[in-house]
Amino acid sequence: MSTPTSPIARYNFHETEARWQKVWDERQTFRAVMDRAKPKYYVLEMFPYPSGRIHMGHVRNYTQGDVIARYKRARGFNVLHPMGWDAFGLPAENAAMEKKVHPKKWTYENIATMKTQLKSMGLSLDWSRELATCDPSYYRHQQKMFLDFWNAGLAYRKEAWVNWDPVDNTVLANEQVIEGKGWRTGAPVERRKLTQWNLKITHFADELLSRLDTLGRWPEKVRLMQANWIGKSRGARVFWQLTDGSGAASSKKDWGKLEIFTTRPDTLYGASFMALSPEHPLTAELALKDPGLQHFIAECRKTGTAAAEVETAEKQGYKLPLLAKHPLIPGKTVQVYAANFVLMEYGTGAIFGCPGHDERDHEFAIKYGLPILPVVAPADADLKSFSVAQAPFIEDGVIINSDFLNGLGVEEAKAKVIARLEEMGVGKGTTQYRLRDWLVSRQRYWGCPIPAIHCDKCGVVPVPAKDLPVKLPDDVTFDKPGNPLDRHPTWKHVDCPKCGGKGQRETDTFDTFIDSSWYFDRFTSPGLETAPFDRQENEYWMPVDQYIGGVEHAILHLLYSRFWTRAMREVQMTSRDEPFDGLFTQGMVCHETYRATDGTWLMPEEIERVDGSKVVRLSDRTPVEVGRSEKMSKSKKNVVDPDQIIRDYGADTARWFMLSDSPPERDLEWTEAGVTGAWRFQQRLHRIATTALAEVPPAGAPKPAQFSDAATALRRAAHKTIAGLTADIEAFHFNKAVARLYELASSIDSAKAAGDDSLKWVLREALEIFVRLIGPMTPHLAEELWQALGHRSLLAEQPWPLPEDALLVDDTVTVAVQLNGKLRGTIALPKDAPKEAAEKAALVQPDLVRGLEGRTPKRVIVVPNRIVNIVV
RNA sequence: GCCCCCGUGGCGGAAUUGGUAGACGCGCCUGACUCAAAAUCAGGUUUCCUCACGGAAGUGUUGGUUCGAGUCCGACCGGGGGCACCA
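Numbering (the numbering used here), first residue to last: 171 to 1042.
Treat the hints loosely; a few may be bogus.
Stated by the list, open to error - Pairs of lysine-lysine residues, derived as BS3-like cross-links and limited to a Cα-Cα distance of at most 27 Å, are as follows:
no.: 1; residue 1: K472; residue 2: K495
no.: 2; residue 1: K285; residue 2: K598
no.: 3; residue 1: K370; residue 2: K423
no.: 4; residue 1: K1010; residue 2: K992
no.: 5; residue 1: K495; residue 2: K537
no.: 6; residue 1: K502; residue 2: K489
Unchecked claim - Simulated DEER-style distance windows between Cβ atoms:
no.: 7; residue 1: T647; residue 2: S307; range: 25 to 33 Å
no.: 8; residue 1: R1025; residue 2: E800; range: 56 to 64 Å
no.: 9; residue 1: P833; residue 2: L364; range: 28 to 36 Å
no.: 10; residue 1: V796; residue 2: D376; range: 46 to 54 Å
no.: 11; residue 1: P209; residue 2: K269; range: 45 to 53 Å
no.: 12; residue 1: E800; residue 2: Q198; range: 36 to 44 Å
no.: 13; residue 1: G246; residue 2: S298; range: 15 to 23 Å
no.: 14; residue 1: S805; residue 2: L863; range: 48 to 56 Å
no.: 15; residue 1: A701; residue 2: E800; range: 43 to 51 Å
It should be emphasised that the hints constitute simulated quantities derived from the structure, not laboratory data.
Ideal Cβ positions, reconstructed from N, Cα and C, are used throughout, including at glycine.
Start from the sequences, fold in the hints, and give me the full structure.
See below:
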């Protein structure tokens, strides 16, 4: 990579960028102070994990946020734009094991490095509010909130089958298992039965779902993903009386009622079997005396949860010595099975099988030779030939073979059967959610300690508030796998706060997603020791007006944060429901991949393009295979270091490139050509401005009474750019904003003022507008030019320019003339010319006349200021 | 399997409510400057026919609605994302 240089390139970005960063810093330009007289605007980008160095994804994310922050500041808002560190997490522990460096040291060193890097980008951040989640002054409040939630019944311990990541040696929340694999390690998760801490996110399931509709400034896609994740289903619980089906006449045991959940109570008359989850308590009870069942349960457990395995896994059942009495058909009983496809975590862990109208039940019934009765038929079906023997019918239709439901539609039948079940006391209409409670225990060291103490006598006891924070011990070892806290010689041994007897600290730590579920609240009062935040400050600044981050957090982080806010509301810490008013999800930064002949991946700087198309390896000139553009990742080496780009081209160039061309929500391809293009434009701008400056009148020169045509044209261009660009920034159309700025730059560049004094004045006006408009995007260059224009103030503190409305509309418009909808030519008309005039002018347009070939128009359609269509 | 999004020049992408398709940038071509190169500046650049004027076709394919479709509707093809034995 080489820096393009030229004798004309006088703009020294190195010196300039450092100088203005220092000025902003010293003058605390971006410090946010509560001021009720001013409207506030809270801009936040998802805070980084301090992994070592910033990457291009950060550069893109923070550039976008900074454009908004600087723009809103110019619009008169009191802007809060803070930065912090999502500092707990496994990579720190992995580094400890691999590099023998303490996680704390590793983390804080990374923070220092990355802070320097972020500062070199010239971001308008209020660094006085910086926080790190691994700091006890942060997590003490988190521990306190957890105790409050616990007290309010929102946190609890439960033994359950959980997802275990065998590589990271910890449990994972449901949201952290992607296609049956751990979200970080990609290792297939294992099932383990453990007692773990959970947060009751399901308590808010309905609200988390219904409130999505009110998040108007969130991407539709994210709301949809959350809605699917919460997964609301309407249906019924139905109670089936169990009886002994073993054939033993003497058995008198009362097996009680089996509760099942179904979304299709309308198909109850088609029931042919019952199925229990292998993990269902009743299955376990029966297994005690049945080695065959024990074996079956063990086999089911072996099958992984990976998508591929589940897809191919055959339906397996184990016949239990039980029959279930049909709640609606007197005298009818069906066989009860344990079945591998029934999930314990959903509904009641038990189902009724209706093979006629469910694919899984159908497959099961075929395998075990169970009856398949149709109870729903298509409205137009011939009932004599209609059959579900080959395949289930799962669409809407008309109920048949179902007594009092016959003839009804599916939805009507559902309502009617639920009413009947409730009447008879054998069922109940219910709503079921797919969402599970949030499992927050992690068997790891580098996280926030869970403030609980286990006592043999008192059970699990909360750590008293006065003893917070429960600090992580520093003296831990990483020489063995497992949780260093658990094997620490002294840390966990404490007295029970309740009885004073011997107790043991909880050695699990919190899921780090808790840390990021309230940091935006902490930014409103970062130094406060007595509480997570000051209520007044919090109510002034929150909610976040614009949140920006990757779509990969569409469910995890965003859903957890929405939950945490509600949990805080439940314990009267806030009255707010939602933390993020506006959300924008930015695309990834991609780059081509390169492979050497031996198959190894190559870094972009290890290759060279020859003759435009051929690519060779720099070191030995061997050919290189160019792969498609993919997300920058260390494993494929297609990464470009932001530091190097900023060093070679400057922060403004990096920022400008990030905003150009690609719409911000889409993936961006990083190319060398694109960067040099952005760099050249910075140089060109500086040249255009300094050249024009030689001609323009001084700042504050009186406005001319009259403008020449050329001057008016440039004024129009400049003022239209203000209006267009303002709308573009509001709509996150940064690529279009950039295109407008290119156009205005060209207009300024081509304006030749020689002898035209009004144009000279306009040249200054246009330059001033231009410099203000690029301020949010390339702040250093803008500040430099602002000063060159003769201002002593800081551009960062200047208001946004407003367009003169009169200059936004043209006197004449170009109207297209069409013949049968095809363009023939154009005519110039005064704006808002009457329809008759437009029609008259169009009918004599030469290209149209030729196209008409003497035919008479049948009809003429006139769209004012746009089009005249002549139909023959 | 279910749900959702997207297909526009060589490339990234523009295109209010249906109303002049290809803004702007990159790349490429030609020219100017230069001993030369780089940089810079000027012009050109959807395809086909034509010296030109001009004309024809054209937004994944296909059918439809309309005076008029990149935009709306149907079917299909291709790419991407989410969920996934959720009863």
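- request: Hints the structure violates: just list their numbers, smallest first.
  value: The structure conflicts with hints 1, 2, 3, 9, although it agrees with all the remaining ones.
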